[in-house]
Structure formats: C-alpha cells, structure tokens
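Colleague: Sequence:
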Amino acid sequence: NFMTVAELAELYLTHKVVHLTLASRDTYPSIVRKQILPALGKMKVQEVAPKHTQKLIYDKASEVSFETLKHIKGYGSGMFRWAETQGHIGRGCNPWHPVELPPRQSVVKKARKNHTPDEPEMRELLAILDEPEFYPLGLMSWVQSTTSFNQSERAGLRWKRCNPTAEPFNNG
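When you number the sequence shown by this note's numbering, it's gap-free, plus one each residue, and the end is 835.
No wet-lab data here; the hints were simulated from the structure. Please note that the accuracy of each hint is not assured.
Each computed DSBU-like pair below joins lysine-lysine, with the alpha-carbon atoms no more than 35 Å apart [said to hold, decoys possible]: (1) Lys-733 - Lys-697; (2) Lys-697 - Lys-723; (3) Lys-679 - Lys-705; (4) Lys-776 - Lys-733; (5) Lys-707 - Lys-697; (6) Lys-707 - Lys-723; (7) Lys-776 - Lys-679; (8) Lys-733 - Lys-718; (9) Lys-733 - Lys-707; (10) Lys-707 - Lys-776; (11) Lys-723 - Lys-733; (12) Lys-679 - Lys-733; (13) Lys-707 - Lys-718; (14) Lys-733 - Lys-714; (15) Lys-707 - Lys-679; (16) Lys-679 - Lys-697; (17) Lys-714 - Lys-679; (18) Lys-705 - Lys-733; (19) Lys-697 - Lys-714; (20) Lys-718 - Lys-705; (21) Lys-723 - Lys-705; (22) Lys-776 - Lys-705; (23) Lys-714 - Lys-776; (24) Lys-718 - Lys-697.
Computed from a prediction, not measured in an experiment: that's the story for all the values here.
Whole structure, please, built from the sequences with the hints as guidance.
Modeller: Below, the structure written as structure tokens:
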C-alpha cells in the first residue's frame, strides 16, 4: 500500500505546522499545496525521482520568483526528509536532494509613480484636514497611496482620528 505525494503532504503538514513560526504557518502549506502538489500530488512517493523534481523547478522558474523556487525546493526536500524518518522511503532516496535551481534572474521592479497634489487638490485636502472631528478613511487612504510620503510620514498621519463611517473623499 504505497501512498501518494498528496497523502504524504497532508501527513507531513499536520506534523510540521505545529513546529512552524506564526509567519510560516500560511506560507509553508500554501507552497506545498499550490506549487508542489499540482505537479507531483498523484504520484506514488516511491516513484518520485530527481528528474520529476528538477522538471518541476524548471517549469516553475518562469512563473514564480527565485525566492519561491528556493521555498519549493526546501519544503519539498523537508517533506521527503520527514518521509525517510517515518520509513515511507529508504534512506538517501530524497528526490529533491540533487535538484539545482536555475540561475537567479534579475527582476526589474516597476517604478512607483509618485503624485504631488496640485494647488486645487491641496486646498481641498487642507480644508478637510481642518475638520477637528474626523478624517474620512477614503481621504487617509488616498493621501497615503498617492503622495510621495515615505513609510514614517504615512505612519505619522493621524490614523487615530480616522472615521471609517465618514463621507468618502471624492478625488474628481
């Protein structure tokens, strides 16, 4: 009775998730279920060979970031390492061990288009900000997303005085 990679993954994730940091509890299962299982899930654990795992990595290389490729390899390897300790596969039979990652591709990040309010927008903005009672959530969101404020300047906005039920800000 040989189990599939999908069955192994569910056993492994049930065991592994309790040992993960909070930040990894969503990422780890997501990578396994969305990146590894569609390609290898129906295969029997004993049938998975390095050619299958290497093909998966090269197929994914054009779809995901280099960091995600490293996660796919690391999580796949960890799952099969655990399968070795549980006796599901023989020692030294981890099909992820010989997998090589493709060369890192440099990714050109899109430049963020900053917006500086023109004079009429600034007058309207200042008139609204003079309100002593509240700042509409739409306005606060607009200010933080369209201006060239840095992170600390955005954090310095008066979020405590934001009123989510106030009339939305209309930018034109």
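Colleague: A separate judgement is required for each hint: does it hold in the structure or not?
Modeller: Now the hints, each set against the structure:
1. Lys-733 - Lys-697: 15 Å, holds
2. Lys-697 - Lys-723: Judged against 35 Å, a Cα distance of about 11 Å means the pair holds.
3. Lys-679 - Lys-705: 21 Å, holds
4. Lys-776 - Lys-733: Holds, because 31 Å separates the two Cα atoms, which is no more than 35 Å.
5. Lys-707 - Lys-697: Holds, because 18 Å separates the two Cα atoms, which is no more than 35 Å.
6. Lys-707 - Lys-723: 21 Å, holds
7. Lys-776 - Lys-679: 42 Å, violated
8. Lys-733 - Lys-718: 14 Å, holds
9. Lys-733 - Lys-707: 23 Å, holds
10. Lys-707 - Lys-776: 50 Å, violated
11. Lys-723 - Lys-733: 11 Å, holds
12. Lys-679 - Lys-733: Within the cut-off at roughly 18 Å; holds.
13. Lys-707 - Lys-718: 17 Å, holds
14. Lys-733 - Lys-714: 17 Å, holds
15. Lys-707 - Lys-679: 21 Å, holds
16. Lys-679 - Lys-697: Holds: Lys-679 and Lys-697 sit about 17 Å apart, inside 35 Å.
17. Lys-714 - Lys-679: 26 Å, holds
18. Lys-705 - Lys-733: 22 Å, holds
19. Lys-697 - Lys-714: Satisfied, since the Cα-Cα distance of roughly 20 Å is no more than 35 Å.
20. Lys-718 - Lys-705: Holds: Lys-718 and Lys-705 sit about 16 Å apart, inside 35 Å.
21. Lys-723 - Lys-705: Distance of about 18 Å is within 35 Å: holds.
22. Lys-776 - Lys-705: 45 Å, violated
23. Lys-714 - Lys-776: 44 Å, violated
24. Lys-718 - Lys-697: The hint holds at about 16 Å.
Hint compliance for this structure: hints 7, 10, 22 and 23 are not met, and every other hint is.
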